[in-house]
Amino acid sequence: MPAGVSLRDFYYLLPELVLTGGALLVLIADVLLPRRSGHALAWITLLVLAATLASLGTFSGTHEVAHGLIAVDEFALFFKVVFLVSAAVTVLMSVRYLEIEGASPGEYYFLILCATLGMMILAGGIDLITIFIGLETMAVSFYILVGFIKPNQKSNEAAVKYFLLGAFSLGILLYGMSLLYGLSGTTNLRVMAPVFFGPETRHDPRLILAVMLVVAGVGFKIAAVPFHMWAPDVYEGAPTPVTAFLSVGSKAASFAMILRIFLEGLPAMVHDWQILFEALAIVTMTVGNLAALTQTNLKRMLAYSSIAHAGYILIGLVAGTPRGVSAMLIYLFIYTFMQLGAFTVIVLMRRRDVVGDELKDFSGLHFRHPYAAFAMLLFMLSLGGIPPTAGFMGKFWLFSAAIDAHYYWLAVIGVLNSAVSLYYYIRLVVFMYLKKDATGSEPSTTPALTVALAIAVVATIYIGIYPRVLFEIAEASARTLGVVGITAALP
Amino acid sequence: MQFPILTSLVVLPIAGAACLFLVRDDESHAPLVRNIALVVSALVFADALLLWSRFNAASGDFQFIERHAWIPTFGISYVVGVDGISLLLLVLTGFLTPLALLGSWESIQRKTRAFCIVVLLLESAMMGVFISLDLFLFYVFWDAMLIPMYFLIGIWGYERRVYAAVKFILYTLGGSVLMLLAILSLASLHNAATGSYSFDLQKIYALQIPPSQQGWLFLAFALAFAIKVPIFPFHTWLPDAHVEAPTAGSVILAGVLLKMGTYGFVRFAFPLFPDAAAQFAPYLAVLAVIGIVYGALVAMVQPDMKKLVAYSSVSHLGFVVLGICAMDTQGVQGAVYQMLSHGVSTGGLFLVVGMLVDRRHTRLISEYGGLKKVMPHLVAAFLILTLASIGLPGLNGFVGEFLILLGVFRWSPPLATVAATGVILSATYMLWMFQRVNYGPVTNEKNTGLRDLSPREWAILVPIIAVAVLMGVMPNLFLRPIEPSVNRMLNQIHAVAPVRVQVSHQPPAASHQPPSSN
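Chains A and B supply the protein sequences, listed in that same order. Be aware that the first sequence starts at 1, since it is given in the working numbering, and climbs by one per residue. Be aware that the second sequence starts at 1, since it is given in the working numbering, and climbs by one per residue.
One or more of the hints may lead you astray.
[To be verified] DSS-like, lysine-lysine: derived pairs with alpha carbons at most 30 Å apart: (1) A:K436 / B:K167; (2) A:K360 / B:K111; (3) B:K111 / A:K436; (4) B:K373 / B:K446.
No lab work stands behind these hints, which were simulated from the structure alone. Keep in mind that this is a model prediction, so the values were computed, not measured.
Let the hints inform the model, and build the full structure from the sequences given.
Shown next as structure tokens:
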């Protein structure tokens, strides 16, 4: 393998480079611009994200960059679009929130961009080293972002919790990765995969230990039960836009990493990790939904609901088929919009004296602000999987993947969970539409929030009615991952 | 290209709802909003009648088929079409919706615009359920319909409306999620058999599903439909939903929504899984008979008029399910007829009860008494609808129940005998309720000054009663389009499972006689 990095490699890394440059630009602008110029910084951040998005389109096809450190393919591209869009919506949500909290916008936007950069590296990483770097870049940015509201005790507590548990889980993941390296002699997933197909390594107990450690490590990142303890506290304590970004971007990136590691690197061990993920999926869906039933704080409720959704998405991984992978991509894409939309409505409710994330704050919202209530209704129905919303299409695709791969019981548990989840989503609808007392807080809109909400609403309705385009793109993206090898390995 | 008449039935109400969005949302515009909604729903009814006039009643095949690709990678398309069974249910939906709107003309005094939008969206989804010939499309409409109904009960209902609305949506959704999995499995089976996915009902009809797999697929479909009908013991959501729903909600719920369950049996559960249907039909029939008797007995002791009519629905729909389980021409034809007839007479009863509640704001039977002296016209209409519901010959209820009992008697005399007691019981509870409300002296002085029918209420009751009489004296008008479709469905079932079930007492040839009402 020739050493050194050529100019072509930089060409394929153009989006990452644009984003890095843009992040630095935001930091410099923060120093040069006069104080209290949050709007200007938000604009710059949005422009950086748009430029990165545009640069994604400058090349096509499948490439390996820097001798197999990073893959540039449609799979990565799909996720990069998800990250950039969710980062943009997060920025739109943040402008007024930061003003109310009195937090300094410069570092905030810089960190959002850094986290996005980490996610993009993660989506392309086909080498354990790259994956680790991407993961750390993302995680460290989030540790700071979660604790960004310095005077707020809950925010601080959340940051410390997230940091300690995150560092611990990262250690476990690293231990697993080091075992993989020790057993295969390489950190590159695509080089590693054939090694493990050998008869002597395949049944090595150390390899099984490594798989278990990696599953535990990534389980923390996607907040799968029993590695979910951090999620409710962190989601509740973090600034709401950060919570939104964390629950969407970080989750999607972690799923990209999971797909890369297990489908590209460990297809030989498919039966071992499939059982682990099947158990995780069942427990995660069920515990997430049952815990969400009793929550009265909306951010906590959405935290548990997001845990449950991770469980649904794992169904696609357990199915292990190309359809399963495409279902995961589709679901993550759809989930991004409905989850961001729901958090945008929560941000709408935030006023100087009202936090606005308790269930009772939404009481009678329909009578005070019908449009916000309608948007929230749409997101709740979509999260609950009721047609004709996008969430139904996503769930439909996941369950169809499970049925196709003959995981009937998993599908049954999935749909029953989905029916249970409707109870708590509908409860919010009851508060918004059927309760008439006007004690709840008054939402206030800004153009940025309206745009964020409109993006989420349009996507949720459009995909719910005409999902064809998304489905075809996701299937094409899933094909570029090394899934074909997997199906061959299955009995 | 031909005019897509079936799609227009779905799109027209949505377009009407969209128009209403343009009207200012305050109560001074409420009359305008109501009139627009009424005109739109009347146009939909005219559209449905136009469909009927163009329908070829001699054929049992699906007609007016429209087909468009929707999600081609998974074989999902927009396929709609009607046969004689769905045709009349479409007409029923079109008939009841304007009446439901008229019935709520004065009782809905807040959020009128939203109310009209919700009713129109509900109508659109109901039409969609009846025309879908693609299982995926059917499921989308089936679930989408829950949301407007939920709001109808939850926002404009009575005291315990929130409880009733949540119970309604959780029950029906909980029942239907397993059906989604069964639908997915069917597509998967189609893939295994032919190499491509398809949700097209006609293609899946042609599929030979191994009997060993039919069992659980049938049960998954049957559970969803049984909750919707509702079949005993899945009926507990119904009295709550009916009692708490506003008049329009009750009318649509009893008139159309419950029929979706029985329609589901006729269209999906039985023809798709004939072996399983033959195996489970006796059990289903026993549940139906329990429902007939149980519903009647519980109805008898209800102090609340709406609850009484709700339980009478459990009893009457037991007849429909029983007729379907008999799986012969009379039984199924009678079942379809009874679906229509129940929609008319129970819809009418809820409208009359709604009129009483509008005047007195109570549903309790004990609050009334001697109304005949105060409101002779209203009571006359009430009487006709009561008799129609009981099944008096010459009115609509008789034909369906008679055909059903005839069909069931050939299949299983014991079941028919027990079910026939339901007819007697229904006369008991309905007439007793009627007597307590309308005869005797006026005991409650609040009842003395009640006004009789207003012109608007005449406009509601005259069409209902006219249809009830028409269905009673000219049943062939309605049976003619039904019969070929029912025969096609039965051929489909018996072609695969020619051996009739354990309880059979008659040779199968009996089922090819013409219906006795001809």
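Hints, one by one, checked against the model:
1. With a CA separation close to 20 Å, the supplied pair K436 (chain A) and K167 (chain B) stays within the 30 Å bound.
2. Restraint check for K360 (chain A) and K111 (chain B): satisfied, since their Cα atoms lie roughly 22 Å apart, inside the 30 Å limit.
3. This hinted pair checks out: K111 (chain B) and K436 (chain A) have alpha carbons roughly 13 Å apart, not beyond 30 Å.
4. For the suggested pair K373 (chain B) and K446 (chain B), the alpha carbons sit about 14 Å apart, so the restraint of at most 30 Å is met.
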